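Residue numbers (my numbering), protein chains in the order written: chain A, 137 to 426; chain B, 12 to 799; chain C, 32 to 187.
Mixed in with the good hints there might be a few duds.
Calculated lysine-lysine pairs in the BS3-like style (CA-CA distance at most 27 Å, straight line) [as the list claims (entries may be wrong)]:
| no. | chain 1 | residue 1 | chain 2 | residue 2 |
| --- | --- | --- | --- | --- |
| 1 | B | K793 | C | K113 |
| 2 | A | K200 | A | K325 |
| 3 | B | K39 | C | K177 |
| 4 | B | K462 | B | K666 |
| 5 | B | K494 | C | K113 |
| 6 | B | K255 | B | K289 |
| 7 | B | K427 | B | K449 |
| 8 | C | K185 | B | K255 |
| 9 | B | K449 | B | K464 |
| 10 | B | K508 | B | K602 |
| 11 | B | K346 | B | K407 |
| 12 | C | K177 | B | K449 |
| 13 | B | K464 | B | K407 |
| 14 | B | K508 | B | K197 |
| 15 | A | K278 | A | K373 |
| 16 | C | K113 | A | K325 |
| 17 | A | K298 | A | K342 |
| 18 | B | K787 | A | K325 |
| 19 | C | K177 | B | K736 |
| 20 | B | K457 | B | K330 |
| 21 | B | K407 | B | K508 |
| 22 | B | K790 | A | K325 |
| 23 | B | K427 | B | K494 |
| 24 | B | K320 | B | K255 |
| 25 | A | K325 | B | K508 |
| 26 | C | K185 | B | K39 |
| 27 | B | K445 | C | K113 |
| 28 | B | K28 | C | K36 |
| 29 | B | K427 | B | K445 |
| 30 | B | K112 | B | K170 |
| 31 | B | K666 | C | K185 |
| 32 | B | K457 | A | K325 |
| 33 | A | K298 | A | K287 |
| 34 | B | K320 | B | K416 |
Covered stretches of chain A (chain B as the covering partner; in silico rule of three or more C-beta atoms under 8 Å from a C-beta of chain B) [as the list claims (entries may be wrong)]:
| no. | segment |
| --- | --- |
| 35 | 143 to 154 |
| 36 | 163 to 170 |
| 37 | 304 to 314 |
Between beta-carbon pairs, the in silico distance windows are [said to hold, decoys possible]:
| no. | chain 1 | residue 1 | chain 2 | residue 2 | range |
| --- | --- | --- | --- | --- | --- |
| 38 | A | A296 | B | E794 | 23 to 31 Å |
| 39 | B | A465 | A | V401 | 27 to 35 Å |
| 40 | C | K113 | B | W598 | 57 to 65 Å |
I should point out that these hints are in silico values taken from the structure, not numbers from a laboratory.
Nothing here was measured: the structure is a model prediction, and the numbers come from that model.
We put the beta carbon where it would ideally sit given N, CA and C, even for glycine.
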Amino acid sequence: MIPAAFDYHAPNTLAEAMALLARYGEAAKVLSGGQSLLPLLKLRLGYADHLVDIGRVPGLEYIKEEDGYLKIGGATREVALERSDLIRSKYPILLDTALVIADPLVRNRATVGGNLAHGDPGNDHPATMLALGAEVVATSPKGERTIPIEKFFTGLFTTALKPDEILTAIKVPIPASRSGGAYVKLERKVGDLATAATAAQVTLGKNGEVERAGIGLTNAGPTPIKATQAENYLQGKKPDDTAITEAARLAAQATAPTVDRRGSVEYKREMARVLTARALTQAVQWAGGH
Amino acid sequence: MVPQTIAEVGGMGHSIKRKEDPRLIRGKGTYVDDIQLPGMVYMDIVRSPFAHAKIKSINSENALKVPGVLAVITGETLAQYNLHWMPTLMSDTQMVLPTEKVMYQAQEVAAVIASDRYAAADGVEAVEVEYDPLPVVVDPFKALQPDAPVLRTDKEGKKDNHIFHWEAGDNEGTNRAIDEADVVVKQDIYLPRIHVASIETCGCIADFDRVMGKLTVYMTTQAPHAVRTVFALVAGHVGLSEEKIRIISPDIGGGFGGKVPVYPGYVIAVAASVVLGKPIKWIEDRIENLQADSFARDYHITAELAAKKDGTMTGLRIKTLADHGYTDAAANPSKFPAGMFSICTGSYDFKHAFAEVDGVYTNKPPGGIAYRCSFRVTEAVHAIERMTDVLAHELKMDAADLRLKNFIPADKFPYKSALGWEYDSGNYHGALEKAMQKIGYAGLRKEQAEKRKAGELMGIGISSFTEIVGAGPSKHFDILGLKMFDSCEIRIHPTGKAIARFGTKSQGQGHETTYAQIIAEELGIPAAHIEIEEGDTDTAPYGLGTYASRSTPTAGAAGAMAARKIREKAKKIAAHLLEVAEGDLEWEPGKFSVKGAPQKAKTIQEIVFAAYTNHPPGMEPGLEAVSYYDPPNLTFPFGSYICVVDLDRGTGEVKIRRFVAVDDCGNIINPMIVDGQIHGGLTMGMAPALLEEISYDENGNVQGGSFMDYLLPTAVETPQWETDKTVTPSPHHPFGAKGVGESATVGAPPAIANAIVDALAHLEVRHIDIPITPEKVWKILKEKGVAL
Amino acid sequence: MAEHKIRVTVNGTAHEAEVESRLLLVHLIRDVLRFTGTHIGCDTTHCGACTVLLDGEPIKSCTVLAVQADGRQLMTVEGLEKDGQLHPIQEGFWEKHGLQCGYCTPGMMMTAYALLQQNGNPSEDEIRQAISGNLCRCTGYMNIVKSIRYAAEKLP
Ligand SMILES: Cc1cc2nc3c(=O)[nH]c(=O)nc-3n(C[C@H](O)[C@H](O)[C@H](O)COP(=O)(O)OP(=O)(O)OC[C@H]3O[C@@H](n4cnc5c(N)ncnc54)[C@H](O)[C@@H]3O)c2cc1C
Ligand code: FES
Ligand code: FES
């Protein structure tokens, strides 16, 4: 399959990239890893007159802790997460996520920024970032602004990014000690989007009670879902089986899935519940709970 | 079998490395899309978004304005040459391009010819077609109701959507057996549409040379000669005559049955090349491949199995509705509209059986091809192997015991089945017992009982299948009248090397290696010195091609027979050289020696040289032979598979913990290749059992028509296969071999389905249709109150 | 639309080409530069038949634009053999019957090549994960795993 014709631009600086976006407006699209955009163009399900490739813009690929945040450059590839010692040792939830996205070849190109910017509720990083309480840094000729992740996903395949904005970084508050997270995904096979998946990030207090819980759900509605009720419910509770079961039930209530080849509405809901329980149990274990 | 030849010769039984690999591992294979001819242009196809619609108009104006677009071909263009319809292998008719209406979503509507792929794709997007949607018939049961719209309005007088009725066996006797039985179990079983999805899609380059009047078509076909004849029959009236048609089937990236049919795309490309006088390349993309090429299966089966209280099976009745799409384009031998479905009595000794199949038209793409299996054998095996487990469940008998009780005993071969086949050889007890031992059957049953107490779901499934391959004896088997023999032509060069050509076509099976080994076995010439060629109709002897595991049983046999003719002549030459009578000579691989005086001998190489330099007076010089082998019977490979699964009570996911496969394909040419064929077959058996399905919504929109939803297993979903074998040679095959490429695809699905049902048997679950997805399992868990 | 003059190095040799913005890297490799060992098996980035190394990393060349490879290093199956000497991965696939139709094989071998650069001694499970973006319809993967293990043992 072959995309319709377009113009390709390879800016060498962020300023140039932003200028191109400003010039072409809606007719332009950012090209990052291209692993979502190019398939869409090839199937002619999507069209763009101009592609602005940010692959040659320096300074967008990094993973580092700084100023109380884990900072991930917008064009950081999934494979970099997989290989990062920092991620491997301190952010198991991000390692879990990277490892179940697409397949290893796609992950060599696909970027974390693209995964969020695509606004696909089936993508895996949105849930993780919701659970972690991340912030998205958007840069435009007017400057930089920070968007809390729960305000980022505005609809199916739409985000709070403006046409002239580039997602330049993701900021994750460094979790307190006694924190742990997990991402559990049900997929039909490698390379498939989730039938259902849950990201859970938990911080435990002195007495083993839940100080903070973050729960994000993948492919459970038109946008990635933050299971706020379940999070609130857990707050201050001992994360035992009863509490986890109830939180999982509340999380499932927050879903609004649609039927497709991956399953019925009922199945997807129930899987959100089952996987939330599993993710929470693992997260609590990582956090040093039972 | 102990090899009779030394390793350097590499005859039967040696795991020699494949002769095709040196080019393939270097990326130097030549697949159709690798070929570029001077002046070649590209074709791309406009397809219907509707499953059933009148075509009101096709407007090519904008397409012709796209830079690089040279022509747009429609049904009207082809109608000028009366090429808009073509016959199918089952003597039905199929549109090449429509002039009135489309009959399935993704049907070819027009073709764009352009200077390159990109322009052709742009042209396709620019063709404007106006449709008038018509009522869609998706459900084959509804298709048969009196008020269903008649789909084939092109057929004069056709008043319904029924295609054919086929039956075999003894209806009355079976009725009686069922009436008189202690127990009868009955079950509906559906085998959904699936697609072979070889990693290389289909395509061709049609190159019509106006000066010579010769058409050369490089194409992805498993049966080049049959295609040549079909082209001559279809296009004879426009001056294409068979000697002026050359079909070349280059390296093929997997076939599995999907590259047997003649698809409209090929024919349009040929027509376009004739009209434009340029070579035309057409390569379908994956979505076209999945949505428009021939499908497999789509059998709605109702089976009844009768037995005595002690488990003795007494009667089998199977009724099937076959959804063929809008035309019967099944790739079956002409007299077998339901293929070899009558192998459905399987490995069991039935006195009475009756099977019937009705074919139905619907608004779906045509097909009814194999999916790495001999014609409809998977459907038959799935039915009988599932029913055997349903019966075991009903009688509360162990599934292995029930099988062992009913197997055709080894001493009853050749065995005449209730549905009329003569099974050549078998040892079913031997295969199942070996599989049970290897997997530790008794121990697993104990473990299962304990797990059940603990609330864990584990299942053990058996499948003891009998295949029927190697079509076939000319008395019964033909395709469009062409008898299903196969052929080999061997030429021995003066220095003792050889070239052999065959009427078949490898798509990965390794013919260049195994055929050389067959000849090496017969003549003692090292396999390394024997070139094998297939797939060029200008040079190869006529044959019916490679599918349905027929290559070894037919062309392989032809290879041995041709080699034996050469050996006969070699013997005469040896007698002349050694100055003895032929009767005084003894053969061992590679030489003739004088009985009782082994030092007086001539090697095959010496004899061959003499055939060109010193042939006996009165004898023709040279050394070559041809054999057209018409097999006396089919061959009946078999095996027993045992699968162990664990189910996730939360998600319904199925994990295959172990899978033991004991296969028997008679004498083995190359054990390494046979093992590889079985690994591949098992994986293609697992795929439809757990993952693959193409279905349609009520408007005839295809579901699962790309790799996003048509789920080919990766290395991660595929378990480690544990293979083993027994060897029961075929008594009628020249070297005792049977086919093997497809046994595992046939045998694996019921083993997996049986294991999953077995994991749930204590909850009174009897059957689940494949593919057994996590959701299907979960629904049962929920219904039975055991979901987490 | 816009044409770009690009320069790519394939298996150590520099090539120049004038390409349309939308030209897919796989078509540059196959149709323009004529390295036909790299194949195409799908349109949705699932099969991996098109796998090549881009600056040393295995990627699906059907989902990268040719212009994106400007100034970069490509390695295709044709680059595995050095001085008439098969690469141990090629030997492994031949010895262990890691291919049947051979269509997935070049992509599979390129993925394996990159895996062994990263991890000289991968376990069966690691191999299966690593090749999970490459579909094979013929072999059932078992002998592919063995082929890669063979190469791992042979490589220094
Ligand atoms: C076979 C296959 C399987 C997949 N499976 C999964 C899966 O299981 N889970 C999963 O999460 N994903 C999956 N993906 C998607 C993959 O991870 C995508 O690559 C990813 O979602 C998008 O990242 P990208 O860098 O490729 O973005 P691109 O494709 O380059 O861009 C995607 C969209 O985001 C915009 N965009 C990208 N980067 C920026 C930026 N920095 N600023 C502003 N806008 C930007 C683009 O304009 C475009 O609209 C799969 C993809 C494939 C091909
Ligand atoms: S061609 Fe299938 S992934 Fe590239
Ligand atoms: S060898 Fe045929 S697809 Fe892998």
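Okay, the hints, checked on the actual structure:
1. K793(B) x K113(C): violated (59 Å)
2. K200(A) x K325(A): violated (32 Å)
3. K39(B) x K177(C): holds (23 Å)
4. K462(B) x K666(B): Status holds; Cα separation ~15 Å.
5. K494(B) x K113(C): violated (49 Å)
6. K255(B) x K289(B): Holds, at roughly 16 Å.
7. K427(B) x K449(B): Roughly 31 Å between the alpha carbons, so the hint for K427(B) and K449(B) is violated.
8. K185(C) x K255(B): Violated: K185(C) and K255(B) sit about 52 Å apart, past 27 Å.
9. K449(B) x K464(B): Cα-Cα ~26 Å, so holds.
10. K508(B) x K602(B): holds (15 Å)
11. K346(B) x K407(B): The hint is violated at about 41 Å.
12. K177(C) x K449(B): holds (22 Å)
13. K464(B) x K407(B): Roughly 18 Å separates the two Cα atoms, so the pair holds.
14. K508(B) x K197(B): violated (60 Å)
15. K278(A) x K373(A): violated (44 Å)
16. K113(C) x K325(A): violated (37 Å)
17. K298(A) x K342(A): violated (43 Å)
18. K787(B) x K325(A): holds (16 Å)
19. K177(C) x K736(B): holds (21 Å)
20. K457(B) x K330(B): Given pair K457(B), K330(B) is violated - Cα atoms ~37 Å apart, limit 27 Å.
21. K407(B) x K508(B): Outside the cut-off at roughly 62 Å; violated.
22. K790(B) x K325(A): Between K790(B) and K325(A) the Cα gap is close to 20 Å, so the pair holds against 27 Å.
23. K427(B) x K494(B): holds (24 Å)
24. K320(B) x K255(B): Measuring from Cα to Cα gives roughly 66 Å; hence the hint is violated.
25. K325(A) x K508(B): Between K325(A) and K508(B) the Cα gap is close to 49 Å, so the pair fails against 27 Å, i.e. violated.
26. K185(C) x K39(B): Holds - the C-alpha atoms of K39(B) and K185(C) are around 24 Å apart, at most 27 Å.
27. K445(B) x K113(C): Violated, at about 47 Å.
28. K28(B) x K36(C): violated (44 Å)
29. K427(B) x K445(B): Holds, at about 25 Å.
30. K112(B) x K170(B): Within the cut-off at roughly 18 Å; holds.
31. K666(B) x K185(C): Roughly 33 Å separates the two Cα atoms, so the pair is violated.
32. K457(B) x K325(A): The given pair, whose Cα atoms are some 31 Å apart, is violated under the 27 Å limit.
33. K298(A) x K287(A): Distance of about 13 Å is within 27 Å: holds.
34. K320(B) x K416(B): holds (12 Å)
35. 143 to 154: Three-residue rule not met by the segment 143 to 154 of chain A, so violated; n is 0.
36. 163 to 170: That given contact is violated, which follows from only 0 residues of the segment 163 to 170 of chain A lying within Cβ reach (below 8 Å) of chain B.
37. 304 to 314: violated (count 0)
38. A296(A) x E794(B): 23 to 31 Å: violated (43 Å)
39. A465(B) x V401(A): 27 to 35 Å: Holds, at about 32 Å.
40. K113(C) x W598(B): 57 to 65 Å: violated (46 Å)
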